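Trainee: One-letter residues, chain by chain:
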Amino acid sequence: MNKLLPGIIFLLFYTSVIAQDVAELRAALYAAGFEQVLISPMRSTSEGIVYMTSVEHRGINNPAEAVRLANSISQELGFNQNKFVLLYKGQALFESTIEHQSIRTADFSDTDAMDLFRKFSVSKYRFNVVIDPDIQIRFGYFENPIQSKIGVLIGSDIILARGLSLFAGLMIPIQNDLDSESNQLKLGPTFFEYFTPLAKNHYTQLSVGLFHNNRYGLDFEYRFFPYDGRLSLGFRYAKTGFYYFPNNSTFFDPINDNLILGNIEFLLPKERISISLDFGQFLENDRGIRFSVFKQYKNIEVGFFSTATVLGNTSGFNFTIPLVPGKLIRSKSIELRTNDSFRWEYSYSNEGAIGREFNATRTIKNNLRRFNSNLFNSY
Amino acid sequence: MRFATKFIFFSLVLFGCLSNAYGQINFLGKPGLVRIPKPSSIDKRDNIQFQVAYLPVEYAINNFMNRKSNEFFYSVQLRPLSWVSVNFVITRPTDIPRIGIGDRHLDLQFFILNQKKYGINLSAILSPPLAASFIDHNSIVISRNIAISNSISVEPVLGYGLEVHLQELPKKANIYDMGYQWIAKSERGNYYLSGFFGGLQVNLEDKVFLAAEYDTQYINVGASAIIFKKIGLQVNYFDLKALSGQISYRVYLDKSLKRNMKAYE
Numbered sequence: 001m002n003k004l005l006p007g008i009i010f011l012l013f014y015t016s017v018i019a020q021d022v023a024e025l026r027a028a029l030y031a032a033g034f035e036q037v038l039i040s041p042m043r044s045t046s047e048g049i050v051y052m053t054s055v056e057h058r059g060i061n062n063p064a065e066a067v068r069l070a071n072s073i074s075q076e077l078g079f080n081q082n083k084f085v086l087l088y089k090g091q092a093l094f095e096s097t098i099e100h101q102s103i104r105t106a107d108f109s110d111t112d113a114m115d116l117f118r119k120f121s122v123s124k125y126r127f128n129v130v131i132d133p134d135i136q137i138r139f140g141y142f143e144n145p146i147q148s149k150i151g152v153l154i155g156s157d158i159i160l161a162r163g164l165s166l167f168a169g170l171m172i173p174i175q176n177d178l179d180s181e182s183n184q185l186k187l188g189p190t191f192f193e194y195f196t197p198l199a200k201n202h203y204t205q206l207s208v209g210l211f212h213n214n215r216y217g218l219d220f221e222y223r224f225f226p227y228d229g230r231l232s233l234g235f236r237y238a239k240t241g242f243y244y245f246p247n248n249s250t251f252f253d254p255i256n257d258n259l260i261l262g263n264i265e266f267l268l269p270k271e272r273i274s275i276s277l278d279f280g281q282f283l284e285n286d287r288g289i290r291f292s293v294f295k296q297y298k299n300i301e302v303g304f305f306s307t308a309t310v311l312g313n314t315s316g317f318n319f320t321i322p323l324v325p326g327k328l329i330r331s332k333s334i335e336l337r338t339n340d341s342f343r344w345e346y347s348y349s350n351e352g353a354i355g356r357e358f359n360a361t362r363t364i365k366n367n368l369r370r371f372n373s374n375l376f377n378s379y
Numbered sequence: 380m381r382f383a384t385k386f387i388f389f390s391l392v393l394f395g396c397l398s399n400a401y402g403q404i405n406f407l408g409k410p411g412l413v414r415i416p417k418p419s420s421i422d423k424r425d426n427i428q429f430q431v432a433y434l435p436v437e438y439a440i441n442n443f444m445n446r447k448s449n450e451f452f453y454s455v456q457l458r459p460l461s462w463v464s465v466n467f468v469i470t471r472p473t474d475i476p477r478i479g480i481g482d483r484h485l486d487l488q489f490f491i492l493n494q495k496k497y498g499i500n501l502s503a504i505l506s507p508p509l510a511a512s513f514i515d516h517n518s519i520v521i522s523r524n525i526a527i528s529n530s531i532s533v534e535p536v537l538g539y540g541l542e543v544h545l546q547e548l549p550k551k552a553n554i555y556d557m558g559y560q561w562i563a564k565s566e567r568g569n570y571y572l573s574g575f576f577g578g579l580q581v582n583l584e585d586k587v588f589l590a591a592e593y594d595t596q597y598i599n600v601g602a603s604a605i606i607f608k609k610i611g612l613q614v615n616y617f618d619l620k621a622l623s624g625q626i627s628y629r630v631y632l633d634k635s636l637k638r639n640m641k642a643y644e
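Protein chains in written order, with the numbering used here: chain A, 1 to 379; chain B, 380 to 644.
Please note that the accuracy of each hint is not assured.
[To be verified] Below, in silico cross-link-like pairs of lysine-lysine (PhoX-like), each with a Cα-Cα straight-line distance of 25 angstroms or less:
#1 B:K620 to A:K298
#2 B:K634 to A:K298
#3 A:K298 to B:K609
#4 B:K637 to A:K83
#5 B:K447 to B:K609
#6 B:K586 to B:K495
#7 B:K634 to A:K270
#8 A:K327 to B:K620
The hints are simulated quantities; they were obtained by calculation from the structure and are not laboratory data. Keep in mind that this is a model prediction, so the values were computed, not measured.
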């Protein structure tokens, strides 16, 4: 008995020290902007306990950087053997470990998945408010060469359940000499969005509501995306209508526009280039193909595209950049920041809707691209 | 005396700011001399480059409605792969009404051979027939860098630009759809890089560049320097008659956002 007691006391002390450390790590990761931080011990080795930590960072647009940041925080607090499970809207994608500065990725096991599933909680997300400029410019009209419509979208992605979110937005118009939409404060894009993996490497997303680019209706997307592969395939079906808000009224076209698109994308990891082909029916029943090339930089994506459709041909470019200054306010439960992925597209032809899509910043085609683990060590 | 002291002080400060981040670029944002491109560059890092260049009316290129004016060339250049760069240029004449946004131009430069491996630099520039632009040029350029001392090297550049360009004939103007055709550039008054051109660039420690060239129309000289690793300044002397300049700015894309790495500090 007199031998057991110190043993028990030591054990209690030891476990509480570990618990304290884990709490400290969790707090440090939250403070750095991570959300849904779920830490569980995996196994014990001679060098200490291996932990599995799930991380999601909505303010960093490069998952490789999110993993590196999480790892450096863990290292500082003495967690040398941490595995990180990357989450996208609370859904686990894959596991990554940093060894000798390089990121190694692997699938997580079913038990790990169950563990994450059990521990998931909506309250582990912050109430997130994002400031996003909305800039539409039409170049080349002779009397007024730069017609523009500029506004600020204050939006929030409210996570309602695992994979399910409500994006709600408020549009503050600044100036508009492009179209007849009113210059009053109005509802911005507001929609429900559900993202879920169907099976390993198979993902779907379903959205309903008022989307970006003045489209409302239903949007379904499926994507075959092996995170460590080079080829990915996708399908998108959307049934939408056009909406806009003229002065003191609303205008809704009937929902009768079918968008049906297939996509094949191939990644060249060393060059960090994705070659992508979209084909099918774009908005406004425009049929044709769109060929794009995307180049990934650390926090920037630059794309070039050429479109050939029934309505005509065009070419252009797009870019996705993080906005300054980034985080403005961050507390335990709320965050206010500028958009981590502001996207803008320029098309040579401004006549008609040639090969147009909508809600591009929300598609899994565009958002999963950066999660390809082949890219992680080639930045 | 006081002026001399000031001048020396200013030169020293300026010299301290000089850097060897990238080489001389021509008025369209390509690696080059004054108006001619060259097939090599000393760029090492991923970047996007923005430039504004000014051309006085006597040497203006845009011939919109058969009128010329002083011009500004706004260009953006990105090199997504080591062997190709994408150049986007908007020409804005200063006092021609109804010009719209200006003349939009896109071309690709392919860096085919490099001196390290093949003893010679060779590149080809292609202007796809997206639009009929006054700076359309399809050229091939060669050069070789010759070291004279540790700090000085010279680079002779020689090139040839096609006197025709590919254009899609407007469908409305023709009863028969004639599609794409090779058309003499001079038909629209486009004389930029038509025929043989060449030049010589002197490189002082990759920091200061002096250039003299024949651009198929004029003999131009120019001097440039890079300061603070991202700002390029260049003074050009067109036809040895008119002074002009250009300013470029680079954003490097290979580094992480500081805020992402220091987020928790």
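Trainee: Now look at each hint and say whether the structure bears it out.
Mentor: Hints, verified against the model:
For a cut-off of 25 angstroms, the pair hint linking K620 of chain B to K298 of chain A is broken: about 45 angstroms separates their Cα positions. A hinted pair counts as satisfied when its Cα atoms are at most 25 angstroms apart, and K634 of chain B with K298 of chain A qualifies at roughly 7 angstroms. Annotation: proposed proximity of K298 of chain A to K609 of chain B holds, straight-line Cα distance about 19 angstroms (limit 25 angstroms). A hinted pair counts as satisfied when its Cα atoms are at most 25 angstroms apart, and K637 of chain B with K83 of chain A qualifies at roughly 24 angstroms.
With a CA separation close to 32 angstroms, the supplied pair K447 of chain B and K609 of chain B exceeds the 25 angstroms bound. Distance check on the hinted pair: K586 of chain B and K495 of chain B sit about 21 angstroms apart at the alpha-carbon level, within 25 angstroms; holds. Note on K634 of chain B and K270 of chain A: the hinted pairing holds, with a Cα-Cα distance of about 17 angstroms set against a maximum of 25 angstroms. Using a Cα cut-off of 25 angstroms, the hinted pair K327 of chain A and K620 of chain B is violated, with the two alpha carbons roughly 53 angstroms apart.
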